[in-house]
Amino acid sequence: MIRTVIVCCLLAGLSSLRAQIVREDAATLVYRQRDGLVVTLRKRPLRTVIAYASLTKVWYAAGGEAVAVPTVKSKAALPAATHALPEIGKINMINAEQVLLQKPDLVLLNHDFPRHRELATLLRGMGVDALCCEYDNYADYAELVELFAKLNGQAMPAGGHAGADEIAALCAKARQQPSPRVAIILCTSSGFALETPVSNTGYMARMLGATNVVANTEQRKVQFSYERFLLDNPDVIVIVPMGDLAGLQSKFRQELLTQPAWGNLAAAKASRVHFLPAEWFLFQAGPDYPQALRHLAALLYPGVDFDQ
Amino acid sequence: MAFLALLALCVLAFMFSVRFGELRLGLPEIVTTLWRRDGGLDYQILWHIRLPRVLLGALVGASFAVSGVILQGVLRNPLASPGIIGVSAGGGLAGIVVMVLLPRHGGAMVPAAFAGSLLAALLVYVLSWKRGVSTIRLILAGVAVSAMLGALSSAVLLFNAEKAGGVLDFTIGSLSTRSWRHVEQVWPYMALGLLMAQALCGRLNILALGDDVAVGLGLQVERVRVALLATAALLAAAAVSAVGLLGFVGLIAPHLARMVIGSDNRFLLPAAALLGATLVMACDSVGRVVMPPSELPVGIIMAMVGPPFFLWLLRKVSYEA
Amino acid sequence: MKLEVNKLTGGYGAELVLDGVEFSVPSGAIVSLVGPNGCGKSTLLKLIGRVLRPRAGDILLDGRSLSAFRGGDCARCLAMLPQHRHEPAGLSVGELVAYGRFPHRHALGLLNDDDRRIVDEVLAMTRLTALRSRHLSTLSGGERQRAWIAMTLAQTPRLLLLDEPTSFLDICCQFEIIELIKELNARGGTTVLMVLHDLNLAAACSDQMIMMKERKVYCAGAPRNVLTVQNLRAVFEIDARVNYDDAGCPYCLAMGSARKRDHA
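Protein chains in written order, with our numbering: chain A, 12 to 319; chain B, 771 to 1091; chain C, 3 to 266.
A portion of the hints provided could be inaccurate.
Computed, partial: chain C to chain B, Cβ under 7 Å [claimed, not checked]:
#1 G51
#2 L54
#3 P84
#4 R87
#5 P90
#6 A91
#7 P105
#8 H106
Hint data in this document are derived by calculation from the structure and do not stem from the laboratory. For each residue, glycine too, the CB sits at the ideal point set by N, CA and C.
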C-alpha cells in the first residue's frame, strides 16, 4: 500500500498539466487530452485500430485487442498476437482509407504527429472515436494503462498495473542511496543530444532518485555542448542509441571518447559509461518497465542488491 | 486542338485518381455508390476521404500553375515560381508555428498559413518598392524574405526537435487527411484568383513585353502589376494553406503548358491550370498506391518524378525559354 | 500631330537629366534628335512617351497637355519604340503586331475586322507578311526591328517616337528602316521624332534636326543649319569637315578628336 502511495506521489510530483478522466459511467468515458481537447469515448470497443506502434503493448496489457496495427520495421515491437493483423501504413504515413476499411469504432493515435491529429478530426467527424495519446515516459504509461483498462471495462488491481509493486519497491530502495549525478546522451547518426528529466530514460532515472545534469523540464531533449558537459562532470554516463548500434558506438568512440578532456571525467575514470538497450530506453518499455528500471538501477547504484 | 487534349488528360487523371486507393472498386461501382448516397462504408470512404482529396489536389495544382504563369510573366523570368515572392516561406512559417507550438488549434492551420503567405508577399512587395517596383528588386526582396522566414522556421523546429518529424508532411506537400472542410476553406479564394487571372491575362501579355513598351501601349503598368502580383499571391497562399509547401508544380506546369500551347497568356493560363491539376492528381494517386499500405505524401512523388520527366521533355521538344 | 516641349525638366530620382528643354516639332515632320552620350536624348523621349514623369515643364500634343490625356487615349495617337524591350519566348510576328491594337480594343479584348485589316496593312507596309507566323527569335536583326516598328504602327499613331531604331543594324537594314519611316510619313502624315546616332543618316532623312548638349537643346533647325563644323566641335568635340551633296543635304566626315588633352 505504501509503495503505491510512493509511486502515486512520484507521479503527482513529477508531472505538470496532466490529462485526466473528466467523467465516467458504465458505457462511456469523457477524457481530457493533454492539449485540452475533451473527447468522449465509448467503452468496450469491438474493433480497435492502433496507429502508433508503442501503444499496442499497452493496449494489450490493459486487456484490449486490436484489428489493425501500423507497419513497423521489426515485429518484436508489437505483441505476438498482432503479428498477423492487417497493417495501415508506417506511423508517419498512415493511410486513412485503410483505417476506415477496418470498420473501427476506436482509433488510437499519437498526439505529436500533425497527420494523426488531422486524422482524429476526420474520424470524429465520421462518428468514429479517436484518441490522441502522449506516450513519452513511465508516467504516461501508468496513466494510459489505467485509461485503457477502464475503456476495456477491466478492473485495475488495487496496487496499480502489473509490476507497479515491483517498481515501487525498486524506487524506494534506490532512493535510500546517495543520489548520483547522471547524464543521458541520446546518440544519433547526426549528433548528440542530452535527455531531460521528462524523457523516457530521464524520467526513469529520476524515479530512481538520480539527479540529471540537465534541469530543463520543458522539452525532452536539449542541445549537447561538450564544454558544458565537462563542467557538469556527471558521476554516470548512459547512452541511448538511435539507429544502428555498432555504427553509433563507433561514432561515439570517434567523436567523444577520443576527445582530449574525456579522460578527466569522473565517469570515465570510474568506467561508468554505458550504452543502454534501445528497446527499453529509446522506445517505451511498456510492460517491461520493471526490467528496464532494474537494468538502469544496477547501472546507477552498482553494488546495491535490488532483488529482495 | 492541343487544348482539348489537355482537358481530356485532366479528366483522365481525375478518373484515375478517384479509381485508385485502398478501397478497391471499379469506376462504375464508384459512380453508383456516390449516386446512391447510402451512407455505407464504401460511400463514407469515397465521399469523405477520396473525393475531397482529389478535388483539392486538382484545385491546388491549378492554383500553383496559374500563379507560376503570372509570376513568370510579370517578373519576365522563366525561373520564377510562387515561392519567389515569399508565399511559400510565409505560409511555411505560419503552418509550422501552428503545428509545433499550438497543436491544440489544429483547425487554425489553414487560415494561419493563408494569412502568413499573404503577409510575406506583402512584405516582399513593400520592401521592393522604390518609386515603383522593378522586377529585379522584387526577385531579390523575395529571395531575402524567403531566406529569412525559412531560417525562422528552422529555428522553431530546432527548439522543438521532437516534434520536427511530424511536420515533414507540410514542408513537402501532402494531401493526406484532407476533407471537405479544407475544400470549403480555400475554394472561394482559388476561384476568385483563377477568374482574376483570366481577366488580366491579356494585360499580362502586354506587360511581358517590357515596362516601357507597355506604357507606350497605354497600359497602367504599376496598377496592373500590383493586381497581377496580388492574384498570384492569393492563388499561391490558398494552395499552400491547403497542401503545404508543394514545390515544382508552379515552376514546371507553366513551362510544360508553353511547350504545348505557346506563350499567349490567354491560352497559356487555362492550359497551365489543367496541367497543374493533372500533375498533382497523378502524383497523389501514385503516392497512394506505390507502397501499400503506407501513403506517401504527394510532394515526394512530385519531387522524384517531376524533374526527370521535365528534363526528358526538355530534350525531346525544341524549346527556348 | 504637333509636338511642343516647354521648359521640360526631369530625370531619374534625384538626378536631373534634362534642364529646361524647349523645342517644337511641326505636324507631319520627321525630326531627328542627336547629341553625345549622356546628353539626355533617350530621357527626353521617355518623358514624351510617358515612361517618366517630368519634374517641371510641359509637353503639348496639338496644344493639349500630355498630362491631360488618359492612358488609353494617349496610346491611340502616340506610339513609342523604346530601346529596352523584352521578347517572350514563342512570340510570333503576327502576335506582336496585333498587340499594337491593344489601346484600341474594347473591354473583352478581341480583335475585330477593323483591327485585323490594320494589322494586315501594317504587315504589308513593313514587308513582313511572309514572316507573319515566324517566331521573333528566329528573325534577323533587321527583320526583328521591322516587326517592333510594325507593332507601333499598328497603333495608328499620329506621333511616332523611335529610340535609336537603326542601332546595331547593318547599313542595308538601316536604310530599310529609314525608308519605311519616310514612306509612313509621306503616306499618313505621321509626325516622327527619333533619336539617331548616325549624324549623316539623320541629316539625310530629317526635315529638322535637334542637337542636344548637357541637358539642354543646343540648336535646332534644318539639317544644313545644325550640322556645321562649329556645332560639331562644340557639342561632339570633334574636328570634322562638312560637305554637301547634290541635293544640298549636308554630310560630315570626322577628322579627329578636338578634346583637350592633359599634358604630362
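Hint by hint, here is what the structure shows:
1. A distance limit of 7 Å between C-beta atoms decides the matter here; for G51/C the minimum to chain B is near 6 Å, and the interface restraint holds.
2. For L54/C, the interface hint is violated, the least distance from its beta-carbon to any beta-carbon of chain B being 9 Å, above 7 Å.
3. A cut of 7 Å between beta carbons decides the hint on P84/C: the least distance to chain B is about 4 Å, and the hint holds.
4. Against a cut-off of 7 Å between C-beta atoms, the interface hint on R87/C holds, since the closest Cβ of chain B lies about 5 Å away.
5. Evaluation of the P90/C hint against chain B yields a held restraint, the C-beta minimum of about 5 Å falling below 7 Å.
6. Contact between A91/C and chain B, as hinted, is supported at the beta carbon level, the nearest pair being about 5 Å apart and thus within 7 Å.
7. Of the supplied interface hints, the one on P105/C holds, with its beta-carbon coming within about 4 Å of a beta-carbon of chain B, less than 7 Å.
8. Of the supplied interface hints, the one on H106/C is violated, with its beta-carbon coming no nearer than about 9 Å to a beta-carbon of chain B, more than 7 Å.
Comparing the model with each earlier hint shows violations of hints 2 and 8; every other hint is respected.
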